[in-house]
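Student: Sequence:
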Amino acid sequence: MPDWASLLGALNSAALSAFGREVRYLRQTGSQVSVRGIFENTCESQENSPGVYAVLFVRLADLPQPPERGDEVAVDSQTYKIFDIEADTGGTAVLRLRQV
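If you count the sequence shown from 1, position 1 lands on 2 in this note's numbering, and the numbers rise without skipping.
Careful, some of the hints might be misleading.
Quick list of the computed label-pair ranges, beta carbon to beta carbon [what the hints assert, rightly or not]:
1. T80 with R37: 15 to 23 Å
2. S78 with P3: 37 to 45 Å
3. L9 with I86: 14 to 22 Å
4. G92 with R25: 20 to 28 Å
5. P3 with A88: 32 to 40 Å
6. R28 with P3: 32 to 40 Å
7. W5 with S78: 35 to 43 Å
Honestly, the hints are just simulated from the structure, not real lab data.
Backbone N, C-alpha and C define an ideal beta-carbon position, used for all residues, glycine too.
Take these sequences, add in the hints, and give me the full structure.
Tutor: Structure follows, in structure tokens:
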């Protein structure tokens, strides 16, 4: 019988496969990698400062290093800077983004 972690991992993989898209993850050090993530451009209010706010759901194992505030994500022709990271114990994270 599968355990909770393997079931959650399978669910996350299925969601990324069905709803994800390729984006470029740009580290502050200058390196970049293509990853699959679920991107949502949203209008939720920001507590820190006004601007365009979006979220990206990713598997942490797809990144060469853990995400950091200040890293950037390029989606189509738009670049976003990470201002908040919400990681979970299932090996995924929601990255909160601000348009650059």
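Student: With reference to the structure, classify each hint as holding or not holding.
Tutor: Now for the hints, and whether the structure bears them out:
Checked against the given bound of 15 to 23 Å, the beta carbons of T80 and R37, roughly 18 Å apart, stay inside it. For S78 and P3, the hinted distance range of 37 to 45 Å is satisfied, since their beta carbons lie about 41 Å from each other. The beta-carbon spacing between L9 and I86, approximately 19 Å, falls within the hinted interval of 14 to 22 Å. The hint said 20 to 28 Å for the Cβ distance between G92 and R25, and at roughly 21 Å that hint holds.
As the Cβ distance of P3 to A88 is approximately 22 Å, the hint placing it in 32 to 40 Å is violated. Range check, R28 to P3: Cβ separation about 34 Å, and the 32 to 40 Å hint holds. Here the CB-CB span from W5 to S78 is close to 40 Å, well matched to the stated 35 to 43 Å.
Violated hint for the displayed structure: number 5, the only one.
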